[in-house]
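Novice: Sequence:
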Amino acid sequence: MSSAPAPHPAVFPHAVSRLRTERQSRSTRPFLARGGPKGERCEGCRLRPSHCICALRPTQSTHAGVCLLMHDAEPLKPSNTGWLIADVVAETHAFGWSRTEENPALTALLSDPQWQPYVVFPEEFVQPASRVVRTVPKPSDAMNFDGLAHTGRAPVANFGKRPLFILLDATWPEARKMFRKSPRLDGFPVLSLHPDQISRYQLRRSKRDDHFCTAEVAALCLDLAGDLRAAQTLEAYLDVYTHHYLQAKHQLPPDWSSQAHSQLAALRIVSGSSSGDTERYQNNS
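Each number in this note's numbering comes from the position in the sequence shown (counting from 1) with 7 added on.
Because the hints were derived from the structure by calculation, they are not lab data. Nothing here was measured: the structure is a model prediction, and the numbers come from that model. One or more hints might be untrue.
[Claimed, not checked] Listed next, with one range per pair, are the computed distances between beta-carbon atoms:
1. 97 x 195: 34 to 42 Å
2. 134 x 57: 48 to 56 Å
3. 259 x 32: 30 to 38 Å
4. 97 x 190: 48 to 56 Å
5. 183 x 25: 24 to 32 Å
6. 195 x 79: 33 to 41 Å
7. 56 x 188: 34 to 42 Å
8. 29 x 68: 21 to 29 Å
9. 190 x 70: 39 to 47 Å
Even for Gly, the Cβ is constructed at its ideal location relative to N, Cα and C.
Turn these sequences into a full structure, and let the hints guide you.
Specialist: See the structure below:
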């Protein structure tokens with residue numbers, strides 16, 4: 008078992024951490040996480056300082072963007088994986104969900120001409136079915152598209168725009184309510200995912216194997232959009248975070264030479280992300 012990487016400079020807050028700070032300012036009492044590691048937490052990664060992974064934060068530029076609509080308590084939960092998406096995907100936006108209140112910043116984002124928003128949700132809950140798509144344009148599709156209509160393919164008019172994936176970050180019952188009661192999203196296509204694998208997420212329980220955590224959904228979306236390296240990085244980063252979270256919960260040290268750490272380090276080298284930190288990481292592993 009190897010030692011941790013060298014200390015990392017202060018990590019600048021991203022969209023989810025800013026939303027968390029705003030949500031905390033409205034809280035009348037501290038949020039008490041259930042079942043996770045107790046005690047002091049790092050402000051940059053929400054883990055115990057002894058298990059901090061801020062030095063491994065692998066932020067990348069992507070063709071696609073992510074818009075997180077977060078249910079009220081989600082930004083406060085240490086196990087929330089929307090935070091990991093914002094760590095990896097530079098173009099991540101996060102907003103608290105409200106059924107009645109209009110958020111001008113969200114409205115401006117959804118109407119920005121550079122983006123084509125897609126609501127990510129299972130097609131079995133979508134009416135009318137004509138809203139459902141199963142693919143999104145990749146950067147090369149604008150040149151290769153043959154002009155023919157394909158069932159479930161993103162509309163031709165969307166070529167040239169960058170996909171913006173709207174993820175409803177909540178428990179499954181909450182997400183269904185959010186989908187039904189968000190009229191501002193009704194005009195956007197709904198991306199329905201059909202992954203072959205089952206969820207590997209271990210920090211919250213689900214009764215169904217086809218329910219994925221938010222970071223897993225984002226990785227699937229990035230893959231569809233052609234951001235393969237970012238998708239792989241997010242998956243590896245989720246595995247590393249899960250390992251550190253569970254080791255801290257059971258009062259055990261993290262294994263810095265695990266397969267998940269090695270995979271993330273390899274992806275950081277290929278992407279050129281934080282090369283100096285990667286060298287220190289390798290030297291300690």
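Novice: For every hint, state whether the structure bears it out.
Specialist: Right, here's what the structure says about each hint:
Checked against the hint of 34 to 42 Å, the pair residue 97 and residue 195 fails, with Cβ atoms roughly 22 Å apart. Separated by about 50 Å at the C-beta atoms, residue 134 and residue 57 satisfy the suggested range of 48 to 56 Å. Here the CB-CB span from residue 259 to residue 32 is close to 34 Å, well matched to the stated 30 to 38 Å. The beta-carbon spacing between residue 97 and residue 190, approximately 30 Å, falls outside the hinted interval of 48 to 56 Å.
A hinted range of 24 to 32 Å for the beta carbons of residue 183 and residue 25 is consistent with their spacing of about 27 Å. At roughly 23 Å, the beta-carbon separation of residue 195 and residue 79 lies outside the given 33 to 41 Å, and the hint is violated. One distance hint, 34 to 42 Å for the beta-carbon pair residue 56 and residue 188, holds here, with the actual separation near 40 Å. For residue 29 paired with residue 68, a C-beta distance near 26 Å keeps the hint of 21 to 29 Å intact.
The hint said 39 to 47 Å for the Cβ distance between residue 190 and residue 70, and at roughly 29 Å that hint is violated.
Comparing the model with each earlier hint shows violations of hints 1, 4, 6, 9; every other hint is respected.
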